[in-house]
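Trainee: Take the sequences, apply the hints, and build the full model.
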Amino acid sequence: MKHIPTLVKRELSAYFFGPMAFLILLAFQAIAWMNFYDLLDRLVRNPSTLSGVLDPLNFYISRSITFWIALMVAIPALTMRLLAEEKRSGTIETLLTVPVTETEVVVSKWIAGVAMYFALLLPFAVYLPFLYYQGNYHYDVGPLYSLTIGMTTLGMMFVAIGLFFSALTKNQIVAAIWTFATMFLLIFLAEAGYNFAVAKGSAWADVMQFLSIFYQVYTFGLGQLDLRFLAVHLSICAFMLFLTIKLVQWRRAG
Amino acid sequence: MIEVEQLSKRFGDVRAVRNLSFSVGRGEIVGFLGPNGAGKTTTMRMLTTYLTPTSGRASISGHDVLDDPLAVRKKVGYLPENVPLYPEMRVREYLSYRAKLKDVPRSKRRSAIDYVLTRCGLIDFDRRILGQLSKGYRQRVGLAESLVHDPDLLILDEPTAGLDPIQVREVRSLIRELGERHTILLSTHIMSEVEAVCGRVILIAAGRIVIDDRLDRIQTESAIVIQVRGPEPAVRRAIESARGVRRVTLMSEEGGVAAFEVHTDGERDIREDLAARIIQNGWALRQIDVRRSSLEERFVRAVSEASVVPDNAEIEAA
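Residue numbers (our numbering), protein chains in the order written: chain A, 1 to 254; chain D, 255 to 572.
Calculated directly from the structure, the hints in this document are not laboratory data.
Quantities reported herein were computed from a predicted structural model and do not represent experimental measurements.
Think of the CB as a built atom: it goes at the ideal place given N, C-alpha and C, for glycine as much as any other residue.
A couple of the hints might just be wrong.
[What the hints assert, rightly or not] One-sided and incomplete, this derived list gives chain D residues near chain A with beta-carbon spacing under 7 Å:
1. 276
2. 306
3. 355
[What the hints assert, rightly or not] One-sided and incomplete, this derived list gives chain D residues near chain A with beta-carbon spacing under 7 Å:
4. 302
5. 316
6. 320
7. 324
8. 328
9. 338
10. 354
11. 356
Mentor: Dropping the structure here:
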C-alpha cells in the first residue's frame, strides 16, 4: 500500500494536464452559482410560500435537476479515463511490471476520482456561509452534516462504478456511456419507477423509493442519516472495487 | 538468472508459445530472435509477470513468476515494445515517478536518475515533455526507465525498432556496455543486431525454440558444396560413408553432374578426404568448396522448417 501516494499524485496531475477537469470544475462552479442565485431570489420574494426553501440544502442540491444532470455527465467524464486510457496507450504494461500490486493501482485511481468528486462539490459548500452570516438567514446547520456524509458515500459509490466500467474496455467513450447509463438508472429510472408504483398502488413502491438516489439525498438533506443508505453505498462501492481489482488481475491470464 | 521450463501460453485457440525451455546465466546477453508473431513478446511478457503462463514454469533469480511476481518485478528492468509513456509528463518527472514505484530509496533516487540520464544521453533533455520527444528519444527514456532501479536482468523488447541508423548504433553500444553489469535478454528480428550485440541466440518460430546456441558456434557452422560428374545415388553413398558427415542434400542434377551440400560435424576439414573418395571411384570432381552459412540463412531455413512441420502435426493431432 506504500505506493498509493505516488500513484494518486500522478492520477491527480494527469487530470489537470487536459482541459477536461477544468471544464467540469467550471461547469459545477457555474451551476452552484446559478442555484444559489435562484435560492436567494426565492428567499427575497417570499420565503413562506415555498415550503422547501426553508431548507436551503434540499433546494440547492437534491431537488436541483441541473445538479443531477451535471453530475451524471461529470462522473463518467472523470472516471472513463482512469483505466481505459492506460489500456489503450499500453502504459498499463509498464504499471503492472513494477513492484506494485493491482489493488494499489485500482485503489489509487479510485481515491483520485473521489478527490475530484469532492472538488466538484466544494463550490456548493462555499456559498452557504455567506447565506448564514452575510445574509443573516439562520437555517438549520444540522442537515449539512448528514448531507455531507451522504453525498460522500454516494460519490464513492459512483466513482467505483465508473472505475469498474473503465476497467472493462479500452475505449473511454464506451466506459463513459456505461457509467452514464448506470447512473441514469439509479437516479432517474428509480424515481420514475417509484412514481409509477405509487400510481399503481403497488407494494413495490417502498422498494423503489429505497433505491432512488433522489429520495436518499432528499432524506440526507432533511437531516435524516439513514444508515441503511450508507451501507448500500459503501457495499456497492467495495464490491465494484473488488470486481475492478479482479478484472485487472484476470487480464494477466490473457 | 532465468529458468524456463515447458512454458506455454494459449490465447483462446491460438497457442502463442509452446513448451519453451531454456535458461540464461548471469552476465549473458541473449538475443531472442524470431519472425513477427513467433511468440517473442508473449514470452517476455510472461517473464516480466505481465501475463501468466498457461502451463509450465519460469523463474527469475529463483523467484517464480506465478508465485512471487512482486519479487520478480524488483529484479527485472523491462522495456516494452513501442515504449508506452505518459505523454504529459516530463523526462525527469517520469523517471522520478517510476523510481518511486520501483522502491528506489529516497536517498539514492536523485543520483540514480542522474546516472541513467547520463548513461542514456538524456541529461540535457530532462525537462522535455515525453509526448513531444522523437521516437529515438522515447526509446532512450524507456531504456533509462528500465535501468533506474539497477536491476539484475534487463528484458528489452525490440529496443532498436523504429530508430535511425545512428540511433541504432548508439543503442547497440549502450546495450553492449550494459551487458558488462547486467544480464540482458533482448528480442529482435534484425539479424545484424544479434550479430553486433549478443553472445547467444535463441531462435523461436511458431512458438517453439528452433535454435539455441552460442553465436560464434552458429557462425562457424559450415557446409561443403561439391559437384561431381557421376551416378547420383552412388556418389551420395560414397560421400555419406565418409567420417564426420552428418547430412547430405542433393542441390541439383543436370547432364550427369550432381551437386550436393554436405553438412559435417565441423570438427575438422574433410574436403581432402571427400576429394580422394571421388577420384578413387573414377568420377570427375568439378567443384569442392566450403560455404559458411550466415545467421540469416540459418534463420530463414529454421523458420521455414518450423513453420511448415509443426502446423501439419498440429492438424493431424487435432
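Trainee: Does residue 320 of chain D pass the interface check with chain A, least Cβ-Cβ distance below 7 Å?
Mentor: Violated: closest Cβ of chain A sits about 10 Å from residue 320 of chain D, beyond 7 Å.
Trainee: For the hint on residue 316 of chain D, just tell me whether its beta-carbon gets within less than 7 Å of chain A.
Mentor: violated, 16 Å
Trainee: Answer holds if the nearest beta-carbon of chain A is closer than 7 Å to that of residue 354 of chain D; otherwise answer violated.
Mentor: holds, 4 Å
Trainee: Can you verify the interface hint for residue 328 of chain D: is its Cβ closer than 7 Å to any Cβ in chain A?
Mentor: Status holds, d = 5 Å.
Trainee: Under 7 Å, Cβ to Cβ, is where residue 324 of chain D needs to be relative to chain A, so tell me if that hint holds or is violated.
Mentor: holds, 5 Å
Trainee: May I ask you to test the interface hint for residue 338 of chain D with respect to chain A, counting a Cβ-Cβ separation under 7 Å as satisfied?
Mentor: holds, 3 Å
Trainee: Does the closest beta carbon of chain A sit nearer than 7 Å to the beta carbon of residue 302 of chain D?
Mentor: Since the shortest Cβ distance to chain A is 5 Å, the answer is holds.
Trainee: With a cut-off of 7 Å, does the beta carbon of residue 306 of chain D approach a beta carbon of chain A closely enough for the hint to hold?
Mentor: holds, 5 Å
Trainee: Taking the least C-beta to C-beta distance, is residue 355 of chain D closer than 7 Å to chain A?
Mentor: holds, 5 Å
Trainee: Against chain A, is residue 356 of chain D within 7 Å by beta-carbon distance?
Mentor: holds, 5 Å
Trainee: Holds or violated: is the Cβ of residue 276 of chain D closer than 7 Å to a Cβ in chain A?
Mentor: violated, 21 Å
When held up to the earlier numbered hints, the structure conflicts with 1, 5 and 6 and fits the remainder.
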